[in-house]
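Residue numbers (our numbering), protein chains in the order written: chain A, 612 to 963; chain B, 612 to 963; chain C, 612 to 963; chain D, 612 to 963.
It does not matter which identical chain is used: a pair holds within one copy or between any two.
Dumping the calculated DSS-like pairs for lysine-lysine here, alpha-carbon to alpha-carbon at most 25 Å:
(1) Lys757 - Lys615
(2) Lys886 - Lys670
(3) Lys916 - Lys729
(4) Lys758 - Lys706
Keep in mind the hints are simulated off the structure, nothing from the lab. Owing to the predicted nature of the structure, the values given are computational and were not obtained by experimental measurement.
There are 4 protein chains.
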Amino acid sequence: MATKAKIGVLGASGYTGSDLVRLLLRHPRAEIVLLTADRRAGQEMREVFPQFSPYALPKLVSLDGLDWAAAGLDLAFCALPHATTQKVIKDLLAKAPGTKVVDLSADFRLRDTSAYAKWYGHEHHAPELQAEAVYGLVEVYRRDIKKARLVANPGCYTTCAQLPLVPLIKTKAIELDEIVIDAKSGMTGAGRSAKESMLFSEVSEGFNAYGVGHHRHMAELDQEFSLAAGREVIVTFTPHLVPMNRGILSTIYVRGRRGRTAADLHAILLKQYEKEPFVHILPFGETPHTRHVRGSNMTFIGVAKDRIEGRAILVSALDNLVKGASGQAVQNMNLVLGFPETMGLDQVALFP
Amino acid sequence: MATKAKIGVLGASGYTGSDLVRLLLRHPRAEIVLLTADRRAGQEMREVFPQFSPYALPKLVSLDGLDWAAAGLDLAFCALPHATTQKVIKDLLAKAPGTKVVDLSADFRLRDTSAYAKWYGHEHHAPELQAEAVYGLVEVYRRDIKKARLVANPGCYTTCAQLPLVPLIKTKAIELDEIVIDAKSGMTGAGRSAKESMLFSEVSEGFNAYGVGHHRHMAELDQEFSLAAGREVIVTFTPHLVPMNRGILSTIYVRGRRGRTAADLHAILLKQYEKEPFVHILPFGETPHTRHVRGSNMTFIGVAKDRIEGRAILVSALDNLVKGASGQAVQNMNLVLGFPETMGLDQVALFP
Amino acid sequence: MATKAKIGVLGASGYTGSDLVRLLLRHPRAEIVLLTADRRAGQEMREVFPQFSPYALPKLVSLDGLDWAAAGLDLAFCALPHATTQKVIKDLLAKAPGTKVVDLSADFRLRDTSAYAKWYGHEHHAPELQAEAVYGLVEVYRRDIKKARLVANPGCYTTCAQLPLVPLIKTKAIELDEIVIDAKSGMTGAGRSAKESMLFSEVSEGFNAYGVGHHRHMAELDQEFSLAAGREVIVTFTPHLVPMNRGILSTIYVRGRRGRTAADLHAILLKQYEKEPFVHILPFGETPHTRHVRGSNMTFIGVAKDRIEGRAILVSALDNLVKGASGQAVQNMNLVLGFPETMGLDQVALFP
Amino acid sequence: MATKAKIGVLGASGYTGSDLVRLLLRHPRAEIVLLTADRRAGQEMREVFPQFSPYALPKLVSLDGLDWAAAGLDLAFCALPHATTQKVIKDLLAKAPGTKVVDLSADFRLRDTSAYAKWYGHEHHAPELQAEAVYGLVEVYRRDIKKARLVANPGCYTTCAQLPLVPLIKTKAIELDEIVIDAKSGMTGAGRSAKESMLFSEVSEGFNAYGVGHHRHMAELDQEFSLAAGREVIVTFTPHLVPMNRGILSTIYVRGRRGRTAADLHAILLKQYEKEPFVHILPFGETPHTRHVRGSNMTFIGVAKDRIEGRAILVSALDNLVKGASGQAVQNMNLVLGFPETMGLDQVALFP
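Let the hints inform the model, and build the full structure from the sequences given.
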């Protein structure tokens, strides 16, 4: 049997951390050797996430004073809050330059450090690392990722919007100035911090938009759509919260260019994703449910005709913690460490 | 004490029927004297809806063979399925021409009987009554409703979209050919019939669009928006299902005309609804939650600036069973019978 | 029109506070003149609970430095956290001895201040007031409440257990040493404080027991059941959390004494509650759903035969925020201020 | 690579059917060669359960006229409704006597065919097969199952109650006549048939007991508890419905015999299940959540002291569709076909 890679999960007490552990526990080539969680340091993982009670896992430790060289990690997943990550990774790679990193925060997603400063309100703490970071949307940047040391795992909303839109933008199939993305997310997308607005009684039996007109994920969309188009593209994007745990569904309104119909757009996506293991295009006119991808690394995409001539409606769905975060991160790990891309990611969706 | 009006609820075993009973039980001028439910005829209301156990209510009877003249109703609410209603009301008004009717189905909402035939797949069964029917969106047609014998209570989705849009269309404040309505509804909007797709396990913990590109509520939107504009208006409309019982939230994307900004649109709505008891405009930039109108007859509307110059995002929220159905129906009853418009509709939203 | 009583709500930013406001806004004899919320002082109620946006309400103020004499309250509802209330009420009644108080915390529920000290871990701060406090379970202590200045509103779990059990204990109809109460509560019972364990993603799609073998509500049950029995009674009580907002359901296992059957127990309850406006006994063999009392002040109770000879199963359901807290508090206010007991409490349950 | 066993799933359009397919798709030694669903015959599995869209699966066929000999199944899972199964399996085993069967219905669970007739209201259709059927609670009957041709997979409620109770009954550690089982189940336990009472709007935001005093699962409990005790044991059992998809939690009230304390009971269970892969005993005093076993084949069991001397509270939790149905069925398949018992059952629980 092949040797296992030594894996660390930094920030194991949040939901992306726990979903990484869930996936890695069954990955045939991965061995979890380090789990960090500053506020829960000293505790067992089972005290933080009781579902892991039956499994042997390292005790949670603090990031402070960790000896990265001694840790000997083949790869570290970084599931820390936005804005704290740049310094941690800078330190890690300075001490252990051979360790690969897949970062699940937003800290290395923006190629332009001035865009980062604008959207996040402070200077980038590791601009020199930004230059080597590869944006980890596998279906677009697979080749670059294989050679990367530092992968910036994409955001959940942006993965859900990019997978249907990037191929249509690249093929100049749709008008660039009329794209409206109406996105809906389950609550795990908001993380595990204790906030009044995230209490069960504040969330269940209701629905609302938030961040209307201004949301940080826009910066990532702007960057990737503009790169795909070869010119600046700015879209309308409104996120909403659904009283469910997992899932993002994006309803995307577009107009075809030069007579392209909804069926043409469907054909482009079908061809583009024909061989992709984790993107599935539904038959024309069908649209996906988030429940049918829950717990899996799949993205389901549907295309339907609007009744207004020339317009189409795209609907994409994924599990925000899997393809939108930890699953895509493992997919990136597989590429970076030379494992088969789908290894450990074969869970079938859990429905109902 | 003033005498009470004799009220019948036709179709009392569905959710709009039960919400009518809930509201009427506390209405100081209404007395429920007739409840029909064909499949549950002979049963007590408490067997169909146990929450009514403590209340004295007439036994459920069948519509078949009802003697409308003898019933002596001042007003009948018709909460029957679409397409069965025209014949029932025709018969009722023939036998008891003095009875007023508020119809909660779609059967009398379309002024043009050929549009009805197109969208519903069969000829209109009472075209002569269609001529006298008044469309019951109170905030738009209050004056006509007061004189009406037959009121067509608007649909839930369409009420939620019309309240923010009609004033903006009438004042020519927005572009008419770029309106996108992304609507999300709780499950009671789908009624109480036993369908696999509506089971708890099929609905909870998930989110999906449906009727993409074609939904019957479009006909009603087309009619009212075109009337407001003075020319044909066709909008993009996509409904979604939220795993919650009550509530509709519509996220509406518009572009201002002739330099109108989002703030201008907000000002128009604020002025339009200043004195309306059941439409509340939130401060500029705030957007509503469905949970904050649950169980009440209120509509909350918010207006925010999009980051794209000239574009605005409107968000409106109501309880689909109250302002979207039974509450608006009681509001119509109040007008038709000469009661104060807000009578019996003062419930404060139940949150959490 | 009769003059309105001046009412204060201390602790208006929690769920029992907001439900008091919901009920009082429609109470014909109550006028809200004071709302306190220390951490939200200076804000409008609509910022804390947006459902109140359309209503005129006093701004939230801090308890610190309030001039109780100047406030001139006829009655204060105290919806503050347990253990902070004794001092507040002591101060209030010292400065404004004519103000009546209905306290929704546990601070005055235990007659025996040493029992209080044992269960709550600190000395009682107002033992002299404890002597005059009346336990506010209306169906048991109605006569005393009418004359009280300080009413200790019962707990939600304990109300739900006492209403079916107290009459059976008083009539010596059941064995006292075999009572098992398996209780299930919606999440609003846990309040509005931001705790990780109360986040939507920690609660939805799951079920669990908590406080197994030790829960503070036991002290209240011990007191009241022992008083009813005339000797010490200790019951087994296990609370659970249900992924829903409102509602408590208690499944209670008892054995009849001296040949009393389940039907006999049902008959006792039926007779006991025949004229009570807010306790409804279902037909023998039927058991209640929490959803059928949601938002109302009703308690539904069912009695069924166990298949084991001589044993019966009682099931009671109420809305923890209404009959289990704010509704019962308004019922107490009505008694204390001499209003009709049901005034302002006629809301029909909101189902679905 | 080892050859794969040819597997059929009879009744693939229900929830236990789909969970079997979910598990088998990833089982290294199983190949799904037959899927039946009478009402959906001719359709693709993806039309019935869209989550399977990306996978190649046989088309759904009708049971009628199936040639069992030609099918050449190594093993058939029977996930058909109760009472239809006996005839199907009788026919199958007559035509293909070498095929093994794991039946998920209740049809072969009762050893005594007269008990079957009493609880199910009709004669047993295959009494001769009943004689060879083995009751498939693996942790109790592992040895017999390995040699069986026909395994009766236990019910979900009964598995959840037996795993904590059988060892305590066998060791005579608890009083046999005072056992109370208060059980709570998610909605998938009620199946996928379209009934009004199972609609989302009837279930969400509420909680209720059902089948109080009489529920068919009692027959199975009676049989197994009596066998374990060596004399007749009848327990009190009340099932409830939780507004969640998956999970059963049983709160079990017992009294220790001859001075056995709660800690003693915990020690017995800890020892009994020390090496079991799918039963996990929590530290003394901790109790489980259903969410921490969701989607996995684990049962979590906790033991706590009641405050009443000599009494203990056991709480057990499992996923009703996995350890309570399809997962246990695959565990049985593994035993019957000689595969490692845990093969294909290593999914970690999906939380949140």
